[in-house]
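Peer 1: Residue-level listing of the chains:
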Amino acid sequence: MTSPTVSLRSIGVRKPGSLILRSIDLELHAGSATALFGSNGSGKTTLLRVVATLLRPSTGSGSVLGAALGSAETDSVRRRIGLIGHEPALYPNLTLAENAELAASVALGRQARSEARHALEQVGLAAAADRRASSCSNGMRRRVEFARMLIIAPDLLLLDEAHVGLDPEAWGLVGHLISDVTARGGSALVVAHEEERVRPLVDHTVTLVDGALTRNHS
Amino acid sequence: MSLRRQIATLIRFELRDELRGGEVALVVLPFAVIALLTIPMAVGIDTPLLERIGPGIYWSIVMLFGVLVTQRHSSLAPAAARDMLRLSGVDPAARFAATTLATFILLLGFEVGAGLATVLLYNPSLSSWWWLAALLPLTAAGLAMIGTIGGNLVSGLQTRTSLAPLIVVPIAVPLLLGAAQATEGLRLGAGILRWVLLLAVVDTVLALAGVLTARPLEESAA
Amino acid sequence: MSARPLDLAAIGTLVTAFVAGLVVPPDAVQGDLQRIMYVHVPSAWLAYLSFTVTLVASVAYLRVRSLRWDRLAGASAEVGVVFTGLALVTGMIWGKPVWGVWWTWDARLVLTAVMFFVYLGYLALRRSFEDPEVRAHRSAVLGVVAALQIPIVHFSVTWWRGLHQPPTVLRPDNPQIDAPLLFALLMAVTAFTVVFVALVSRRAELTAAEDAARHPDDTDATAGSAITAPIVGGRTT
Numbered sequence: 001m002t003s004p005t006v007s008l009r010s011i012g013v014r015k016p017g018s019l020i021l022r023s024i025d026l027e028l029h030a031g032s033a034t035a036l037f038g039s040n041g042s043g044k045t046t047l048l049r050v051v052a053t054l055l056r057p058s059t060g061s062g063s064v065l066g067a068a069l070g071s072a073e074t075d076s077v078r079r080r081i082g083l084i085g086h087e088p089a090l091y092p093n094l095t096l097a098e099n100a101e102l103a104a105s106v107a108l109g110r111q112a113r114s115e116a117r118h119a120l121e122q123v124g125l126a127a128a129a130d131r132r133a134s135s136c137s138n139g140m141r142r143r144v145e146f147a148r149m150l151i152i153a154p155d156l157l158l159l160d161e162a163h164v165g166l167d168p169e170a171w172g173l174v175g176h177l178i179s180d181v182t183a184r185g186g187s188a189l190v191v192a193h194e195e196e197r198v199r200p201l202v203d204h205t206v207t208l209v210d211g212a213l214t215r216n217h218s
Numbered sequence: 219m220s221l222r223r224q225i226a227t228l229i230r231f232e233l234r235d236e237l238r239g240g241e242v243a244l245v246v247l248p249f250a251v252i253a254l255l256t257i258p259m260a261v262g263i264d265t266p267l268l269e270r271i272g273p274g275i276y277w278s279i280v281m282l283f284g285v286l287v288t289q290r291h292s293s294l295a296p297a298a299a300r301d302m303l304r305l306s307g308v309d310p311a312a313r314f315a316a317t318t319l320a321t322f323i324l325l326l327g328f329e330v331g332a333g334l335a336t337v338l339l340y341n342p343s344l345s346s347w348w349w350l351a352a353l354l355p356l357t358a359a360g361l362a363m364i365g366t367i368g369g370n371l372v373s374g375l376q377t378r379t380s381l382a383p384l385i386v387v388p389i390a391v392p393l394l395l396g397a398a399q400a401t402e403g404l405r406l407g408a409g410i411l412r413w414v415l416l417l418a419v420v421d422t423v424l425a426l427a428g429v430l431t432a433r434p435l436e437e438s439a440a
Numbered sequence: 441m442s443a444r445p446l447d448l449a450a451i452g453t454l455v456t457a458f459v460a461g462l463v464v465p466p467d468a469v470q471g472d473l474q475r476i477m478y479v480h481v482p483s484a485w486l487a488y489l490s491f492t493v494t495l496v497a498s499v500a501y502l503r504v505r506s507l508r509w510d511r512l513a514g515a516s517a518e519v520g521v522v523f524t525g526l527a528l529v530t531g532m533i534w535g536k537p538v539w540g541v542w543w544t545w546d547a548r549l550v551l552t553a554v555m556f557f558v559y560l561g562y563l564a565l566r567r568s569f570e571d572p573e574v575r576a577h578r579s580a581v582l583g584v585v586a587a588l589q590i591p592i593v594h595f596s597v598t599w600w601r602g603l604h605q606p607p608t609v610l611r612p613d614n615p616q617i618d619a620p621l622l623f624a625l626l627m628a629v630t631a632f633t634v635v636f637v638a639l640v641s642r643r644a645e646l647t648a649a650e651d652a653a654r655h656p657d658d659t660d661a662t663a664g665s666a667i668t669a670p671i672v673g674g675r676t677t
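Line by line, the protein sequences give chains A, B and C. First residue of the first sequence? That's 1 in our numbering, and the numbers climb one at a time after it. First residue of the second sequence? That's 219 in our numbering, and the numbers climb one at a time after it. First residue of the third sequence? That's 441 in our numbering, and the numbers climb one at a time after it.
If you are wondering where the hints come from, they were derived from the structure by calculation, not from laboratory data. These numbers come from a predicted model, not from an experiment. Backbone N, C-alpha and C define an ideal beta-carbon position, used for all residues, glycine too. Keep in mind that a hint or two might mislead.
[Stated by the list, open to error] Quick look at which bits of chain C chain A covers, simulated, 3 or more residues with Cβ under 8 Å:
#1 620-627
#2 644-656
[What the hints assert, rightly or not] Computed spacing ranges between beta-carbons, pair by pair:
#3 T379/B with A652/C: 47 to 55 Å
#4 T214/A with H655/C: 45 to 53 Å
#5 A661/C with S61/A: 21 to 29 Å
#6 G327/B with A669/C: 52 to 60 Å
#7 V504/C with D264/B: 54 to 62 Å
#8 P591/C with G327/B: 29 to 37 Å
#9 A408/B with L446/C: 50 to 58 Å
#10 S114/A with V504/C: 46 to 54 Å
#11 L462/C with T379/B: 46 to 54 Å
#12 L415/B with G109/A: 36 to 44 Å
#13 S134/A with V504/C: 56 to 64 Å
#14 A153/A with A226/B: 22 to 30 Å
#15 S61/A with R230/B: 34 to 42 Å
Use the sequences and the hints to build the structure in full.
Peer 2: Written out as structure tokens, the structure is:
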């Protein structure tokens with residue numbers, strides 16, 4: 001049996017004066033997608049950032065893509081992690097194509113202009129590729145982030161309410177991206193509130209309550 | 219991607235972002251020229267005096283308004299974009315280098331623009347003006363580095379537009395003094411090598427500080 | 441808050457130094473005005489000491505990540521700003537009758553004033569953060585960067601050759617100051633140093649108490665548990 005993509009043991013995150021995550025045990029396996037539910041303020045984004053290796057946990061241990069959390073090893077695996085967060089990560093004065101190209105170029109380590117254009121076509125933004133990000137809607141900016149993920153092809157996909165702002169015809173992108181990653185043997189962790197829409201797209205669901213995960217089906 | 223190519227890519231996009239926004243060329247530089255214009259209105263239109271103090275005023279303007287160049291909107295990537303860059307495997311020191319070099323290029327342009335305005339308005343006499351070829355880049359580099367560090371220190375704060383100059387300007391004073399003393403030395407026909415060396419030393423220390431503190435600063439944003 | 445041995449030592453040495461400063465004979469040239477040096481010189485010494493302590497504590501924090509070092513850095517900077525201000529003010533009071541002006545634009549005075557503002561900026565940065573860990577991180581970086589001012593201040597006095605007196609005490613073979621005055625000066629420096637240690641220690645304790653009061657660490661409830669279901673139309677949803 002292959003080792004899990006993500007393995008968290010008793011992970012806790014405490015800020016001065018507040019406990020955000022109490023004790024998280026979580027495993028994500030290759031080729032599987034997991035949905036993370038929880039009420040507002042329950043710590044879903046914090047957990048996602050720990051898995052993304054962007055936030056060092058206060059207690060506990062774990063590994064992401066084979067690298068121990070909190071160690072220097074995480075530097076080498078970050079390129080294999082794709083994160084779409086709450087806010088679109090776009091430079092306002094750059095065009096949609098340039099934004100896609102920038103992220104792809106640094107992640108892939110080479111010029112990625114044609115890949116960026118092709119990916120924008122796939123997400124339905126071919127005609128708007130040369131518009132500045134500041135003049136585009138939130139939904140359009142979101143689609144650019146999906147385009148980036150198609151180029152980068154991460155082994156670990158993390159979506160933090162990434163579907164917010166997408167119109168119904170773009171919702172299919174969420175499922176497409178998840179299945180793209182899992183088909184290649186990667187894992188996905190999806191934070192969302194709409195349980196009915198997200199359940200068909202994933203293999204397992206977990207809920208964050210009082211700083212710990214419950215109904216962990218993995 | 220090699221570190222150099224990563225830095226070059228980031229610089230290209232950052233400059234493109236700024237040139238499209240036009241904050242430095244269309245807002246900060248005109249504001250600096252207005253300052254150069256209004257000072258004689260306050261000090262008095264005494265041509266020999268203005269010739270004498272013009273270079274010093276120029277360096278003060280470069281420092282005070284140059285800080286605004288370092289804190290331009292395009293120098294600070296949106297928080298989510300910083301996460302994206304972190305995950306792309308870009309070394310924090312490389313990001314510091316990229317932002318600093320982009321700022322350096324913009325500051326050089328700013329110094330040249332403000333310099334031309336100073337020559338027109340104050341008519342300073344400068345022998346050995348070719349030394350400026352060393353002074354301008356050295357001051358621009360130092361200001362770019364301390365401005366980038368300062369910008370990272372105040373990122374995320376509501377008060378960043380006023381706090382950053384308060385932090386940056388006092389630390390940039392040795393740059394001002396070195397440049398101003400050197401220019402005064404040029405006017406008097408004296409040697410200025412030690413001021414140039416001072417600027418070089420300050421720049422070297424700032425470069426080391428920027429590179430060494432890039433990672434801790436990035437971690438504090440999480 | 442009861443007086444500790446350190447507090448008593450600070451008061452004791454300060455009183456002794458004060459008496460010594462008044463009792464020793466006046467300077468042959470400057471008269472009683474010279475006595476202000478017994479405040480000015482130790483204050484200037486503490487300015488440099490405090491910002492060096494801030495540098496060391498900042499580096500220690502970045503290596504060890506213990507908030508104790510951050511509190512030390514902050515306390516030292518705060519006390520340092522006060523003594524830097526005192527050095528500048530006493531310098532101006534001394535300078536007016538001697539040099540004829542309040543402010544001489546001498547390089548060392550200017551750069552000491554600049555250091556004052558550097559650390560005001562440092563304190564302003566510290567005050568801007570709620571989270572003690574973010575405060576510690578960012579302040580530590582600024583503490584290290586700001587400290588590069590200190591060697592520049594030192595060698596600038598020889599380069600710019602301003603009106604400021606060259607260092608009189610730091611030439612061991614031939615100090616330009618008579619023995620009784622030197623004794624009073626060294627007493628003052630010692631007393632001020634003890635006062636500095638006492639003040640910094642108290643201030644660091646106070647910061648720890650402030651942090652603990654604002655961010656009690658014994659919380660067992662998660663932050664998320666404070667958010668409950670909204671009440672709409674008189675019923676929870």
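Peer 1: Now, for every hint given, state plainly whether the structure supports it.
Peer 2: We went through each hint and held it up to the structure:
1. 620-627: violated (count 0)
2. 644-656: holds (count 4)
3. T379/B with A652/C: 47 to 55 Å: violated, 33 Å
4. T214/A with H655/C: 45 to 53 Å: violated, 28 Å
5. A661/C with S61/A: 21 to 29 Å: holds, 24 Å
6. G327/B with A669/C: 52 to 60 Å: The hint (52 to 60 Å, Cβ to Cβ) holds, given that G327/B and A669/C are roughly 57 Å apart.
7. V504/C with D264/B: 54 to 62 Å: holds, 58 Å
8. P591/C with G327/B: 29 to 37 Å: holds, 32 Å
9. A408/B with L446/C: 50 to 58 Å: holds, 52 Å
10. S114/A with V504/C: 46 to 54 Å: Since the Cβ atoms of S114/A and V504/C sit about 49 Å apart, the hinted range of 46 to 54 Å holds.
11. L462/C with T379/B: 46 to 54 Å: holds, 50 Å
12. L415/B with G109/A: 36 to 44 Å: Holds: the Cβ-Cβ distance is about 39 Å, inside 36 to 44 Å.
13. S134/A with V504/C: 56 to 64 Å: 43 Å Cβ-Cβ, so the 56 to 64 Å window is violated.
14. A153/A with A226/B: 22 to 30 Å: holds, 24 Å
15. S61/A with R230/B: 34 to 42 Å: This hint holds: roughly 40 Å between Cβ atoms.
Going down the numbered hints, you'll see the structure goes against 1, 3, 4 and 13, while the others check out.
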